[in-house]
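Chemist: Can you make the complete structure from the sequences, with help from the hints?
Which chain is which? The protein sequence lines are A and B, in order.
For the record, in the first sequence the residue sitting at position 313 is 325 according to the numbering used here, with numbers rising by one throughout.
For the record, in the second sequence the residue sitting at position 74 is 86 according to the numbering used here, with numbers rising by one throughout.
Please note: incorrect hints may appear among the correct ones.
In this list, chains with the same sequence are indistinguishable; a pair is considered to hold if it fits within one copy or across any two.
[To be verified] When the alpha-carbon atoms are kept at most 25 Å apart in a straight line, the in silico DSS-like pairs for lysine-lysine are as follows:
(1) Lys108 - Lys247
(2) Lys124 - Lys108
(3) Lys72 - Lys166
(4) Lys108 - Lys166
(5) Lys315 - Lys166
It should be emphasised that the hints constitute simulated quantities derived from the structure, not laboratory data.
Number of protein chains: 2
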Amino acid sequence: MAVYTTITDADVCAFLLQYDIGELQSLKGIAEGIQNSNFLLSTSKGLYILTLYEQMVEEKDLPFYLGLMEHLSSSGINCPRPMKMKNGDILSTLCKRPAAIVSFLNGVSVSKPQITHTRQVGKILARMHLAAADFSLALENPLRQANWHEVYAKSQARVMEIDKNLPQTIERELTFLASNWLLDLPNGTIHADLFPDNVFFLDGTLSGVIDFYFAANDLLAFDLAICINAWCFEKDGSFNRQKSHALFEGYQSVRNLSAAEIAAMPVLCRGASMRFLLTRIYDWLNVPPGAMVTPHDPIEYLKRLQFHQTITDADDYQ
Amino acid sequence: MAVYTTITDADVCAFLLQYDIGELQSLKGIAEGIQNSNFLLSTSKGLYILTLYEQMVEEKDLPFYLGLMEHLSSSGINCPRPMKMKNGDILSTLCKRPAAIVSFLNGVSVSKPQITHTRQVGKILARMHLAAADFSLALENPLRQANWHEVYAKSQARVMEIDKNLPQTIERELTFLASNWLLDLPNGTIHADLFPDNVFFLDGTLSGVIDFYFAANDLLAFDLAICINAWCFEKDGSFNRQKSHALFEGYQSVRNLSAAEIAAMPVLCRGASMRFLLTRIYDWLNVPPGAMVTPHDPIEYLKRLQFHQTITDADDYQ
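Modeler: In structure tokens, the structure reads:
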């Protein structure tokens, strides 16, 4: 949860003059989003989310993120739609920070996803992959497999603080992944962070997808592997194959996975575990002052990794 | 800012069944309120604020606070109106905490109050004092003058950490206030925390008053003294007499202050400074874990106190 920047009434009134979205009625800082300051903005025309991009997001990448939301939204995906300013731009400046206003999405995240949810998640993921196929911008994934060694290096000196066997486990796995990563699988724009927090439901029906600030170009099936980790494990760490089956079924009802993508699933899931293990380790060891968040436990992702290391047959996920 | 308790989708759906305020559309934790967890709740019928009362608020006092909001709201004061459950109650339980839903108020707080704002604040304060005259519940102010010694005692051992002269200043002033406090002034229900954060404006017009969780029975003119401190000092610590003049003018356009109330103003302002100085000292020395707030600087209120100590003529405020 985060509100890193305080916006005054005068700031927001002046800011809104650039838009044609009605008169200010209310502005509330919301406890959502770790990287940015988010505000629920109510105007005479409706509800919006105002986001101030803090230093954790690369300013140069904002046109990609906002452009992707605009593109997906125009393609019928229920995601936040950037509001255009009177001059046609979607990115502005407020309190010396890049800022944007996007449409508000109804719905709430589910805390205990069921099969019915994972099926819909699979479907929307595939719909996003297809819809993004003709998106014109590209952003190489900063958290792609080739960069994991570098991400690990930032924490390496202190990883022992978490678990004394962790360095060895990570180093061996990084070597395995480097040798077994399959770069010739279909590539495209992936969400890369489609956790339950980022998917809204209304009355059991998926109503929206948010938080595109990890989106990037990478292997499409890697996005599905991220979802397996995010949606198909129980609180006790056990894998729920039914949820995973529904996730695949939902995905394949929209986009068929190739035989190579399916066969790669155990490796992709190990990679997805590694990617989140590494950033969670970093976040665990480096809680930024004022972040007002409890970092996720990295060990949860070590356990995911250890589970996937036991899987030799991709059918075990389906 | 505060969200101390995480509410799941299942929790809130079950909770809403007790009310007749429409179907859940969205729930966002908001970064407002220090003592409670607050959520912006959107339903098919509109916007509401859902509050979970954390341990910092005395549960036994909730009927007073909620009853006062209901009473004031029925009397035409724009304040949060507690929503009645189907069984007629306004106080319920959610996530093992007392919980209530109140109406949402449009408006934003002003960060740089002007004369036009303080005049309206004076007016609404007097209107609340009159409207609360026939409110049937009572709550002795836990932060009344008689209790300041006790409040001070909780921080006494560590006050030197803030400023080495502070203990002597406080102790002398507490003695002065004990001898000069005028308990025979008109008494009633006061807001007791009408800071700029708790007053909303829309297009320069006061649109609502929030946060009644310090409301209590005390001297009415003490409430005005609290507002002098909260609204009539500049960021550099200097007193703005024009703002104070407008505050009085607004107040007296609705309720006449007695000669005794006016004469008592310097003492009441010293008391109002002491009351906030003491709680700010306590908060400064005891930041609760997970509170996600930067405590206010107590020294600001020491300076207010020192200013009021120089005032001998109550006319200097008007």
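Chemist: Each hint: holds or not?
Modeler: Hints, one by one, checked against the model:
In this assembly of identical chains, Lys108 and Lys247 lie within 25 Å of each other by CA distance solely across copies; the values are 21 Å between and 41 Å within a copy. For the homomeric pair Lys124 and Lys108, the shortest alpha-carbon distance between copies (19 Å) is at most 25 Å, but the shortest distance inside one copy (39 Å) is not. Taking the shortest Cα distances, Lys72 and Lys166 sit within 25 Å of each other inside one copy (23 Å), while across copies they are farther apart (51 Å). With identical chains, the CA atoms of Lys108 and Lys166 are never at most 25 Å apart, being 29 Å at best within one copy and 41 Å at best between copies.
Proximity of Lys315 and Lys166 under a CA criterion of 25 Å is satisfied intra-copy only: 22 Å inside one chain copy versus 47 Å between copies.
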